[in-house]
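**Student:** If you want the building blocks of each chain, they are given just below.
Number of protein chains: 2
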Amino acid sequence: MTTDRDRRPAEEERRPTTGGARAELKQERAVRTRGQVLDAAAHAFAAKGFPAVTILDVAELTGMTKGAVYFHYPNKEALAVAVAEQFYERLPAIADGVRALGLAPLSAVAELLTRTATAFRDDIMIQAGARLQIERSLIKAPLPMPYTGYGNLVSGWLQEARDAGELSAGTDPDVIARVLISAFFGAQHISWVLSDRADLAERVQEILDVVLVPARST
Amino acid sequence: MTTDRDRRPAEEERRPTTGGARAELKQERAVRTRGQVLDAAAHAFAAKGFPAVTILDVAELTGMTKGAVYFHYPNKEALAVAVAEQFYERLPAIADGVRALGLAPLSAVAELLTRTATAFRDDIMIQAGARLQIERSLIKAPLPMPYTGYGNLVSGWLQEARDAGELSAGTDPDVIARVLISAFFGAQHISWVLSDRADLAERVQEILDVVLVPARST
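From first to last, the protein sequence lines stand for chains A and B. Per this note's numbering: the first sequence = residues 530 to 747. Per this note's numbering: the second sequence = residues 530 to 747.
You can take every hint at face value.
DSS-like cross-link-like pairs, simulated, lysine-lysine; straight-line CA separation at most 30 Å:
1) B:LYS577 <-> A:LYS577
2) A:LYS595 <-> B:LYS669
3) A:LYS595 <-> A:LYS555
4) A:LYS669 <-> B:LYS595
5) A:LYS577 <-> A:LYS595
6) B:LYS595 <-> B:LYS577
7) B:LYS595 <-> B:LYS669
8) B:LYS669 <-> B:LYS577
9) A:LYS669 <-> B:LYS577
10) A:LYS669 <-> A:LYS577
11) A:LYS577 <-> B:LYS669
12) A:LYS595 <-> A:LYS669
13) B:LYS669 <-> A:LYS669
14) B:LYS595 <-> B:LYS555
One side of the interface only, derived from the structure: several residues of chain A facing chain B at Cβ under 8 Å:
15) PRO580
16) SER711
17) ILE719
18) GLU735
Read the hints as simulated data drawn from the structure, not as lab findings. Quick reminder that beta carbons are idealized off the backbone N, C-alpha and C, glycines included.
Throw the hints in and build the complete structure from the sequences for me.
**Tutor:** Dropping the structure here:
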């Protein structure tokens, strides 16, 4: 149930103001609140999974009313989609960070997977996004398609590695990319279930050693 | 609600009989019915996931009443545990089939993963078990711990391979086993999401080529 007290901030944000600076301040506050709601949703989804989370859980985590949460996201599905979209913004952001280092392509792939493992261990938005992805059939809203974007990225860098002579002849960059992606996401899921991702960094290092080292040109 | 009509078969199965042959026949029928319920539950869990399945879904798939289903499994959690246990009986059964071929250890590992991929593609009990495993946090009953049994099996066979001189020196069988298991379960999940497992056999062959071939002693 939405009370008048719940509705007030929402209407204030909607009402046109005369002072431009005041409107900007309200805009900023709305963006910040939206971010807090999203962050709380990520904590809730990561901890309990989509079916068990309620809007009240999210409201309680932010210290807001349910009405304030509903103002930003009309339902739980909208929250799940927004968290999943954040997840798919963070993966390319990790890739941008690696690109900025100017490493050779094969080292860049290794650095990308290492940093992604750290992000899966430490970033609640990524943990929530990963969990929502495996629960996608229980969510009545279209989520971004998983794995393909990240897979294409790794595949492209491995093609650069082959063009630069870093991969041995006869190695297919697409095959190596698919095996790396399968092993990475398999390891992150198994590590989540068995050790709450405590051993994920080690598992990913093993994958890099076993899959990338033999593919390197000698 | 349980009606008298629902209760009758259950009470018949419980009532002691004088004729031994008749009792045996009833016992057989109970086992068969239990198997039908389990099979229907596997279809339902694989298709809809644990949270969305109802006992009525399972009853309708068997053509039985809800009461008949409840006689065999007191609730949905008990059905999920029984399906998951079936899953964990089928994986060692695949291994027994491979052992019977008398292959060299490294070929045995490849054959095991190939047959397991086929089973994931074709066996509804395994598909249901895999899905219940990723939904395990939504199920209020303890499910068998995943991955470890299968991982130990692969690890043991790879140790035999090293002892038989099939693996190159300096190769750690446990590391190879962990990478294989991560890649296998990652590939089966990704293949399920992206292509309903249509490409799983190819993906597993790639994993064997990329992970096992370089580890072989030359």
